[in-house]
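Hints in hand, dock the two standalone chains.
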Amino acid sequence: MPKVFVTGIGIISAIGSDAESVRNSLRNKHSGIGKISLIDTIYKDEIPAGEIKATNDQLYELAGINRKSFLTRTALLAIIAAKQAVVHAGLSGKSLADAAVISGTTVGGMDRTEVFFKEYLKNRSKGKIREVAGHDCGDSTERIADYLGISGFISTINTACSSSANAIMLAARLIKQGKIKRALAGGADSLTKFTLNGFNSLMILDRQQCRPFDENRNGLNLGEGSAFLLLESEEITGNKKILAEVRGYGNTCDAYHQTASSPEGHGAYLAMQQALEVARLNPSEIDYINTHGTGTKNNDLSEGIAIQRLFDSGIPRCSSTKSFTGHTLGAAGAIEAVISILALQDQCIYPNLNFTERMHELNFSPSSEYIPDASLQHIMSNSFGFGGNNSSLIISIN
Amino acid sequence: MTAYIRGVAILSPQKTFGDQGFPDDIVVHSGHGFMKCIEPAYRDFIDPMAARRMSRIVKMGVSSALKCLRDSDVPMPDAIITGTGLGCLDDTEKFLASIFSNKEKLLNPTPFIQSTHNTVAGAIALAIKCHGYNATYTQRGFSFESALEDALLQLDENQSKNILVGGFDEITETSYSLTSRLGLWKNHMVDGTKLYEYNTRGSLPGEGAAFFMLGGSAIPGNSVRIRMLKLFYEADGIDDINERINRYLTEDGIDPGSIDLIMLGFSGDNRTDHYYYHLMSGIFNDKPVTGFKHLCGEYDTSASFALWYAWHIIRNQKVMVQLLKENPLGEKINSVLIYNHLRGKYHSLYLLERC
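Top to bottom, those sequences are chains A and B.
With the numbering used here, letter number 114 in the first sequence gets 114, and the count goes up by one each step, no holes.
With the numbering used here, letter number 47 in the second sequence gets 445, and the count goes up by one each step, no holes.
Some clues are possibly wrong.
[Claimed, not checked] With a straight-line Cα cutoff of 25 angstroms, these simulated DSS-like cross-link-like pairs (lysine-lysine) come out:
(1) Lys126/A - Lys492/B
(2) Lys723/B - Lys118/A
(3) Lys44/A - Lys503/B
(4) Lys118/A - Lys503/B
(5) Lys94/A - Lys743/B
(6) Lys492/B - Lys122/A
(7) Lys628/B - Lys181/A
(8) Lys3/A - Lys559/B
(9) Lys53/A - Lys68/A
(10) Lys743/B - Lys179/A
(11) Lys122/A - Lys501/B
(12) Lys492/B - Lys128/A
(13) Lys128/A - Lys743/B
(14) Lys126/A - Lys501/B
(15) Lys503/B - Lys122/A
(16) Lys126/A - Lys584/B
(17) Lys743/B - Lys181/A
(18) Lys501/B - Lys35/A
(19) Lys501/B - Lys44/A
(20) Lys743/B - Lys68/A
(21) Lys628/B - Lys128/A
(22) Lys83/A - Lys492/B
(23) Lys35/A - Lys503/B
(24) Lys559/B - Lys297/A
(25) Lys176/A - Lys503/B
(26) Lys44/A - Lys68/A
(27) Lys628/B - Lys179/A
(28) Lys179/A - Lys503/B
(29) Lys118/A - Lys413/B
(30) Lys501/B - Lys128/A
(31) Lys628/B - Lys94/A
(32) Lys297/A - Lys503/B
(33) Lys35/A - Lys297/A
(34) Lys628/B - Lys723/B
(35) Lys492/B - Lys44/A
(36) Lys94/A - Lys179/A
[Claimed, not checked] So these bits of chain B aren't anywhere near chain A, every CB distance computed over 10 angstroms:
(37) Lys501
(38) Ala519
(39) Gly530
(40) Thr570
Keep in mind the hints are simulated off the structure, nothing from the lab.
These numbers come from a predicted model, not from an experiment.
C-beta: ideal position from N, C-alpha, C; glycine also.
With the rest of the complex left out, here is chain B (with noise of 0.2 angstroms):
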């Protein structure tokens, strides 16, 4: 099924949240610690008095969704989708300690109600009542593409619908502390402008909340399709990987030497990059390579940010990094093709196009 992209909008750690300056004023990381989102004055979003009440998640995902219903000019979705690795973390949390602190005793619910994953979801149908299908995914690195995949699906079976899909990850102090300890980021000074560079273990942490409106059929004025999505865990190393990727491509009639922009998700971490360097140096030896993670960091559902990214630069026409991979850029960038995974585990190829 091909979707069309009829509106987007996505808080991240760049100024992207509708006219607010990215590309031409980007944020550089540097130093320790994780890359937060540049938040919105919620109250043009939500009640006040709701908001209140709401954790710093549940805001992020509800302001991006209702922010995209606006733009997109659909006030009623047939169906809310999110997808979330972590969910709300904040919430669950605060409940978790409190049980200690109070010996499970006159708790407060609200953290605990706003604990599970599909809270977003639920206050996004809440906010406009919406009587649809909602469905949350958290799969992580599969989290956003399964509620994708789900999207696709609602279109395979009706392609007069419109489907509001997004996917959202938040990052706290007590969860950057503890996945440290995992081993998952970068232990030393980080500037953004060289995440690629340092050849050294762990990546940069990142958070965000992207939402996307799409249909069954193009409208004029909003061009760019999602042409492919093809998921797959586990990979038999990069012949595997290669292998795969020409497969998809082939079977859904792609010619690889048709796409404008390749998209890497290069994370800095040098367990696992080597993949991206094998694919840059192989399959996509002639193609205009880049990133997106010095923008978005590093988050089960950074996928989402990249989705946005390629929509934006078929948009723009304005790439505003560095190239990977130097090779030149063709006179207009009409389709990127996106390959991401989470830790060498979860992979995901997308192919945008302009139509």
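One chain only, chain A, in its complex shape (with noise of 0.2 angstroms):
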């Protein structure tokens, strides 16, 4: 089977809006979670999060695209890393054609759909229609394939917070059987009012900075974000040069209960497990984890045990970039790969930031510090999901 190969990485974060500016950020510490200043709801104040600092308009001038095409935030984003991707990877017009477009999201076009509701349920024939036209979790992805001139297979992934980590396995799986020699992977969703009421309403939104791994851990912090990976057949690269190999993965359910981890992590256990399996690698072999690491009590006790467990005796540096970026859902698995990537290329380990206190249950602390002279070859990248939809990918360079 040919190998799965990476010749393009796109992202746009509260940590940067290209993949250098997020490199500097994660090097310098310099988090992206602060005060919410775009959206209208009553918690501006009170919780924080990762917010990219940028208008609609600021995006459609970012992504050189007409304000007319009437695009949701989550499609603004996924066509501006979309685009990065493909420029990266060299490909334009006819060679993109016929690629797959593989996105992950678990909300979709709610960013508008939240501002015409707010109108709709006071007059029910009241509220642009078009506002909602770009609900379903489809349309960000229907518009990249249209924004490129993508004709082949487009799909999209709602599988809550490990979507875009699904969404590269099956553009690599695909590729493997030989289905298709080129896809687009990733993810994205914007911050809404919807989900951070739906966070805030299970008690787990920090109202500091996020704290993963660490004992005093009180809740994650959302963010927003969409990353793409131009991923290519080993058959059609040539000569090109080659980012990264994703070389493992695994999907299993929890199946524990519908939002909460189980406590020995059974599913991340067997996720992680089936990745090392699929690359053929021994738990020894992985360098560095880049956890879900949510800083959820529940999330990271799980994980880390499920960790403790699989790797036993050497257990991988690791750490939550969650810290920078916030819990960004169906884009977080490729936001986490692509950044999993620039930490291959630059062989360093980001820091887990906001770790004071190693938790009690766990014999490992997360990396704390930025680490440049890492050797690095093989990097895991967890994503778990309400649900109990856990993925596990893991990362290459030759």
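Okay, here's the thing in structure tokens:
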């Protein structure tokens, strides 16, 4: 089976609107989590988030798209990241036409729907109906395909917070089986009143900067963003520069509870184990884990125990970069895959911010400092979602 | 990859759930509004305590999935894969409304938790404690098709697997009113038996939940297989559609002459039905042709109904509608080719055959 190579990356998040700025923020410990300024919510001054400090008008400009196109914020973010990945891979026009676009998102165009609903709830004949036309999760993926002139297979995955990890996994599987040669795979989610209130009603939003894997962690910070990888079969990459290889993947279901993870992290353990099997690697060969690490009591305990069980004697260095970006939900898997590729390129480990005290239940701590001279070949990236949807990717360089 | 259908279960606006009367007792839609599913006694499938917290679409999805598991005698599938165009709408609307009515305070998290599209696949896994592969697709007219594509890929990777794959979508009063404003539906009274005759804008909205158990090898008594699935996004007019269908059939070594019945996704919308009419008088000119959306309505995952209906026809040899193209049916219907498109943008082609 052909190898699956990454030949282009694109990213926009609270810590930068391209790979270079994201890399600089990570190196310099500049978190993007702060006060909410663009969403109309009563929690503006109370709940911090990883918001991209650009209005939709500014995003139209950044994407080079006319405002009349009427895009949701999610679609704007998706197009910006997807376009970067395509340009990075040196592709355009005809070479793209038969590529696949596979994306992950959880709330799709909710950012416009909630603007519409405010009017609609007062009077059922009110509200600009165009606002809800892009509500569904498939909209942003269709917009990417139409914008880039792609007419291959297009699809969107919604497995909550593991959506874009699964998008990358599907693209890799399709390439390995020879079904497709080239895919744009990633995800996008914008910050919304809907998700902010949803996670707040579950009482898992930290009022301070999130503290993944810390004994005193108290919840997650939401974020927004998009990232895409341009994946190509080794059969067609020729002399092109290879950034990394998608070497392993695993998808399992915790099947424990609708939202909570099992205390022993059963699903997480199985997903990581499967990814190792597909990659044909031993646990000891993983050099770094970019954890799901949301900062909630439940996730970090469950994930930590699963890592401890699987990696037994030699736990690799690990960190949660959600302490920089916030939890970008459907986009998280792709954003963290791009961050993992940057780490491989620079042979460094990005820190887990806000860490002070090891969790009592665990025998390891995350890396809390930037490590510039790490020797990295294989990185594992975890993404776990509501519904028990657990996925793990392994990204490697030779 | 060829996938063998080992079991099915479907909730639809027809009496299709178990031995309820389809196809002899057809429910005909008449009037305004949408076609709604006939729902079973959920307590036969879901613990009443758990059911109380579930929205209608979750109950519909979970019960048809569990019935499919039961009827196909596969208690533990290796993967659960679902497709839905709009996910769990009712809970999404509920939570959204509560944000405004409660001014963001003291919100009940349950509808938020159950608003995500993967709620159904997660609840099925939870009900049977299935730790296998679990995914949910949502891409308008490719939602169910993507799930099926993934299921076929799973069988390519490992032929010995059993894959539970399903499609579901619900329609709510709110979604009906909003999609009506978007101009998707007929704005006049509809008699379902005349759906294809109006020559007006818009289609008849519907909903459903269909699940299939797929395996990589044939087992006696369950002898229908999915021979082909082809998807194409956007087409350059009718000639392109014609050319693609011919090419896909040729690529897979299928002789169009050997197909016994053509099932086309006529929705009654005169803006997009012309694609079907062209095919009917073109490459399928000498074939008997039938439709299915007068039975289930139009929705993102309606092809899951078509797949089930084609399976049902091959198994029971009964086509219960007037043929849209009255070419004589052969003695036996051993193969059905389905071509469906959603609003002219998402095109899918399936071939089912007895083996």
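Checked hints:
1. Lys126/A - Lys492/B: 19 angstroms, holds
2. Lys723/B - Lys118/A: 48 angstroms, violated
3. Lys44/A - Lys503/B: Cα-Cα ~14 angstroms, so holds.
4. Lys118/A - Lys503/B: Status holds; Cα separation ~16 angstroms.
5. Lys94/A - Lys743/B: Holds. Lys94/A to Lys743/B sits at ~20 angstroms (cutoff 25 angstroms).
6. Lys492/B - Lys122/A: At roughly 15 angstroms apart (the allowed maximum being 25 angstroms), Lys122/A and Lys492/B satisfy the hint.
7. Lys628/B - Lys181/A: The given pair, whose Cα atoms are some 17 angstroms apart, holds under the 25 angstroms limit.
8. Lys3/A - Lys559/B: Answer holds: Lys3/A to Lys559/B is near 24 angstroms, not above 25 angstroms.
9. Lys53/A - Lys68/A: With Cα atoms ~22 angstroms apart, Lys53/A and Lys68/A stay inside 25 angstroms; holds.
10. Lys743/B - Lys179/A: 21 angstroms, holds
11. Lys122/A - Lys501/B: 14 angstroms, holds
12. Lys492/B - Lys128/A: 20 angstroms, holds
13. Lys128/A - Lys743/B: Distance ~24 angstroms between Lys128/A and Lys743/B Cα, so the pair holds.
14. Lys126/A - Lys501/B: Holds: Lys126/A and Lys501/B sit about 20 angstroms apart, inside 25 angstroms.
15. Lys503/B - Lys122/A: Distance of about 19 angstroms is within 25 angstroms: holds.
16. Lys126/A - Lys584/B: Holds: Lys126/A and Lys584/B sit about 21 angstroms apart, inside 25 angstroms.
17. Lys743/B - Lys181/A: 23 angstroms, holds
18. Lys501/B - Lys35/A: Judged against 25 angstroms, a Cα distance of about 20 angstroms means the pair holds.
19. Lys501/B - Lys44/A: With a Cα-Cα distance of about 14 angstroms, the restraint between Lys501/B and Lys44/A holds, given a limit of 25 angstroms.
20. Lys743/B - Lys68/A: Judged against 25 angstroms, a Cα distance of about 21 angstroms means the pair holds.
21. Lys628/B - Lys128/A: 36 angstroms, violated
22. Lys83/A - Lys492/B: Between Lys83/A and Lys492/B the Cα gap is close to 36 angstroms, so the pair fails against 25 angstroms, i.e. violated.
23. Lys35/A - Lys503/B: 19 angstroms, holds
24. Lys559/B - Lys297/A: Violated, because 36 angstroms separates the two Cα atoms, which is more than 25 angstroms.
25. Lys176/A - Lys503/B: Judged against 25 angstroms, a Cα distance of about 49 angstroms means the pair is violated.
26. Lys44/A - Lys68/A: Since the Cα atoms of Lys44/A and Lys68/A sit roughly 29 angstroms apart, the hinted pair is violated (cutoff 25 angstroms).
27. Lys628/B - Lys179/A: Measuring from Cα to Cα gives roughly 11 angstroms; hence the hint holds.
28. Lys179/A - Lys503/B: 49 angstroms, violated
29. Lys118/A - Lys413/B: 39 angstroms, violated
30. Lys501/B - Lys128/A: Status holds; Cα separation ~22 angstroms.
31. Lys628/B - Lys94/A: Answer holds: Lys628/B to Lys94/A is near 21 angstroms, not above 25 angstroms.
32. Lys297/A - Lys503/B: 23 angstroms, holds
33. Lys35/A - Lys297/A: Roughly 23 angstroms between the alpha carbons, so the hint for Lys35/A and Lys297/A holds.
34. Lys628/B - Lys723/B: 24 angstroms, holds
35. Lys492/B - Lys44/A: Roughly 23 angstroms separates the two Cα atoms, so the pair holds.
36. Lys94/A - Lys179/A: Distance of about 19 angstroms is within 25 angstroms: holds.
37. Lys501: 7 angstroms, violated
38. Ala519: 7 angstroms, violated
39. Gly530: About 7 angstroms separates Gly530/B from the closest Cβ of chain A, which leaves it inside 10 angstroms; violated.
40. Thr570: 13 angstroms, holds
Hint compliance for this structure: hints 2, 21, 22, 24, 25, 26, 28, 29, 37, 38, 39 are not met, and every other hint is.
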